[in-house]
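Letter by letter, the chains look like this.
There are 2 protein chains.
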Amino acid sequence: MNNFNFYSPTYFVFGKERENEAGKYVKRFGGSRVLIHYGGGSVIKSGLLDRVKASLASENIYFTELGGVMPNPRSGLVYKGIDICKKEKIDFVLAVGGGSTIDSSKAIALGSLYEGDFWDFYEGKPVEKALAVATILTISAAGSEGSGGSVITHENGMLKRACGGDAMRPVFSILNPELTCTLPNYQTASGATDMMAHVMERYFTNTKDVEITDRLCEGILLTIIKEAPIALADPTNYESRANLMWAGMVAHNDICGVGRDQDWSSHQMEHELSAYYDVAHGAGLAVMFPAWMKHVMHHNVLRFAQFAVRVWGCEMDFEKPENTALQGIAKFEQFLISIGMPVRFAELNAKGEDIPKLVKTLGLGSRTLGSFVKLTENDVTEIYKLAV
Amino acid sequence: MNNFNFYSPTYFVFGKERENEAGKYVKRFGGSRVLIHYGGGSVIKSGLLDRVKASLASENIYFTELGGVMPNPRSGLVYKGIDICKKEKIDFVLAVGGGSTIDSSKAIALGSLYEGDFWDFYEGKPVEKALAVATILTISAAGSEGSGGSVITHENGMLKRACGGDAMRPVFSILNPELTCTLPNYQTASGATDMMAHVMERYFTNTKDVEITDRLCEGILLTIIKEAPIALADPTNYESRANLMWAGMVAHNDICGVGRDQDWSSHQMEHELSAYYDVAHGAGLAVMFPAWMKHVMHHNVLRFAQFAVRVWGCEMDFEKPENTALQGIAKFEQFLISIGMPVRFAELNAKGEDIPKLVKTLGLGSRTLGSFVKLTENDVTEIYKLAV
Chain A
1 MNNFNFYSPT YFVFGKEREN EAGKYVKRFG GSRVLIHYGG GSVIKSGLLD
51 RVKASLASEN IYFTELGGVM PNPRSGLVYK GIDICKKEKI DFVLAVGGGS
101 TIDSSKAIAL GSLYEGDFWD FYEGKPVEKA LAVATILTIS AAGSEGSGGS
151 VITHENGMLK RACGGDAMRP VFSILNPELT CTLPNYQTAS GATDMMAHVM
201 ERYFTNTKDV EITDRLCEGI LLTIIKEAPI ALADPTNYES RANLMWAGMV
251 AHNDICGVGR DQDWSSHQME HELSAYYDVA HGAGLAVMFP AWMKHVMHHN
301 VLRFAQFAVR VWGCEMDFEK PENTALQGIA KFEQFLISIG MPVRFAELNA
351 KGEDIPKLVK TLGLGSRTLG SFVKLTENDV TEIYKLAV
Chain B
1 MNNFNFYSPT YFVFGKEREN EAGKYVKRFG GSRVLIHYGG GSVIKSGLLD
51 RVKASLASEN IYFTELGGVM PNPRSGLVYK GIDICKKEKI DFVLAVGGGS
101 TIDSSKAIAL GSLYEGDFWD FYEGKPVEKA LAVATILTIS AAGSEGSGGS
151 VITHENGMLK RACGGDAMRP VFSILNPELT CTLPNYQTAS GATDMMAHVM
201 ERYFTNTKDV EITDRLCEGI LLTIIKEAPI ALADPTNYES RANLMWAGMV
251 AHNDICGVGR DQDWSSHQME HELSAYYDVA HGAGLAVMFP AWMKHVMHHN
301 VLRFAQFAVR VWGCEMDFEK PENTALQGIA KFEQFLISIG MPVRFAELNA
351 KGEDIPKLVK TLGLGSRTLG SFVKLTENDV TEIYKLAV
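So the protein lines, in turn, are chains A and B.
If you're matching positions, the first sequence starts at 1 in the working numbering and goes up one per residue.
If you're matching positions, the second sequence starts at 1 in the working numbering and goes up one per residue.
Because the hints were derived from the structure by calculation, they are not lab data.
C-beta atoms are modelled at their ideal positions from N, C-alpha and C, and glycine is treated no differently.
Among the clues, some could well be false.
What the hints assert, rightly or not - For the chain A half of the interface with chain B, some residues (derived, Cβ under 10 Å), not all of them: (1) ASN2; (2) LYS16; (3) GLU17; (4) ALA57; (5) GLU59; (6) ILE61; (7) ILE224; (8) TYR238; (9) ALA242; (10) VAL258; (11) TYR277; (12) MET316; (13) PHE318; (14) LYS320.
To be verified - So the derived label-pair ranges between C-beta atoms look like this: (15) LYS16/A x TYR277/B: 42 to 48 Å; (16) ASP117/A x SER46/B: 47 to 53 Å; (17) ARG28/A x GLU115/B: 22 to 28 Å; (18) GLU128/B x GLU123/A: 40 to 46 Å; (19) GLU319/B x GLY40/A: 53 to 59 Å; (20) GLU128/B x ASP117/A: 39 to 45 Å; (21) ARG344/A x ASP317/B: 40 to 46 Å; (22) ILE337/A x ASN323/B: 34 to 40 Å.
Unchecked claim - Straight-line alpha carbon distances no greater than 25 Å define the calculated BS3-like cross-link-like pairs of lysine-lysine that follow: (23) LYS129/B x LYS27/A; (24) LYS129/B x LYS24/A; (25) LYS45/B x LYS87/B; (26) LYS129/A x LYS27/B; (27) LYS89/B x LYS53/B; (28) LYS208/B x LYS226/A; (29) LYS87/A x LYS27/A; (30) LYS24/A x LYS89/A; (31) LYS226/B x LYS208/A; (32) LYS86/B x LYS129/B; (33) LYS208/A x LYS125/B; (34) LYS125/A x LYS24/B; (35) LYS16/B x LYS80/B; (36) LYS374/B x LYS360/B; (37) LYS16/A x LYS208/B; (38) LYS226/B x LYS208/B; (39) LYS45/B x LYS86/B; (40) LYS24/B x LYS129/A.
Could you build the full structure based on these sequences and the hints that come with them?
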């Protein structure tokens, strides 16, 4: 096991109607002038935004608002939010929405305490301070409600880049599973795929003897595999939504990733897809992850066999473990199809002939991607081809 | 799933030689005048205490010290520690040791900011503030390094009582598995049993549909079942020690207990045993937990069957699930014996004729104990008898 630090200080407020406590928690965590940041119409139409405002008002907290976050959130709105925060002396950013809204809020919180261009942090500048951020989550997927990470797409060149730091961890996150009961099935399934990917980026590692994190990873995957089909068949099933919502947090606050090298190459390959074709992140991952698995499986057949046996209930083939490994990948792909996810380029309207362009934008050059197998540009090209 | 709050803000610093960073983290978390609190000789003999002092000195942090914590820590030393803290204007308590030392440190931190008797909090007064506490852990067991709880025995009547609150959560905890490599096997096994008990107090619940926490619980148990025998056979096996150390934290920071009713009756029945006979807490739990299981199994046979199948690898008997349930309990008891734990009163030098006294000290009267099955005084008597 590698040495590690683990820090997840977010105060999680989970359950029915908990968004009505937003004001109480903003106050407890020191907010007095709040920017409420959100996306589109559903937060307004459902009445959620009004309930949140009423909760802040009941605590006499000043607030202003900025809507309009799009999936794969863009730099333009971040600049606008930073501008508001600086002019209005905002001290607290409250994200009401999903991963895109939360990531956009984190970027605003970061840029508001910085004289330069916030994009510097997405190009590698270390994060030191940010305004307090809190979240009211409306989709189980990104895990941004419990992580210190943020992914933003810069409109200048459509570069999708990630940045992270403890200062960007939400001070509190309100998770009410009821809010996810109205999601379209495609979004529920994309969210479930995103969570599974967060676990698997950590699961496929070269670090030996990390049984505790292996078992936690497997437990989260088993939960998603059980609960996602229930939520799709019965969208207002509270219990299933609740399990998925908490699984999404645990999948990404790094409790299932500590002590081991992590990979993250599938995420980076997917970022190019979603930046080019503006597909749902989870859908892009459903296309990229099985392709990555097929390409790297022979690096450690027994780890893929463990995945197959423990997560997918396959029988171990002790004579030919690679059969078990392949069966696990096939079961994963069948699961993705069963929940309505795409598994090939064409289903995303992505094109095989764009592959050289995708590879070029990744900008690897002589560097490599990932850690389980260090992927060269040739490997990445092969993986994209497997996804066509 | 029940509504819940989850808050685990401790900064965990895990791995080899990390105790040498103690000074850096005390400083980061605002400590300037430190009480180092510890137990007996091993912390001194091993050189650990000197390394910690050197680390504090290198950051020019003032410190004083108080040793002498015993297993099942007593109120007397707590009063002494509070006295030192008040006189010396201590602002930070650094526990160097195991659960007893950490619990004693939390009690000192609590009492140092209170005018009255610290015992008030162990009799139910809500915890609001305490000095900052941090830990350098030397045994994987209690999980106190990541929890807000503390258990102290009052010498006046040998009452063993628990108290808890977010203010008592350690600000940081340093977990170096190397420090546990010199533990006697009996302590390693008692620690492993304690961890398993922390999980099982949460696992046996009447709350339905908490698959995510079920799976996390099972993952932690599977890890302990794999790793404890390795550590016993090969005490300096770092990887096994590391898995156990992190499992002990995860078992008790409540990530595997959220969203569900928890039981804790076995712990309370054990507290009477260890207060009377001064046995290791884990050893007492090894005696009480299987007895409790045998008594309550019929309340929910399928939950015990799930435990048997998922944790102990039993085959499900679909015609007679109670056979599977019984087999799981038997495998658990066999495991405890295999790691050198006692499973009956006599092995603890406890006496069947003391049972009425134990039951009386529990002080149930017309109240009940636990939540999975609400135990009356008669139930408790029966369970103690099953343990004889």
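Index of numbered hints that the structure contradicts, given in increasing order: Of the numbered hints, 4, 5, 6, 11, 12, 13, 14, 25, 33, 35, 38 and 39 do not hold.
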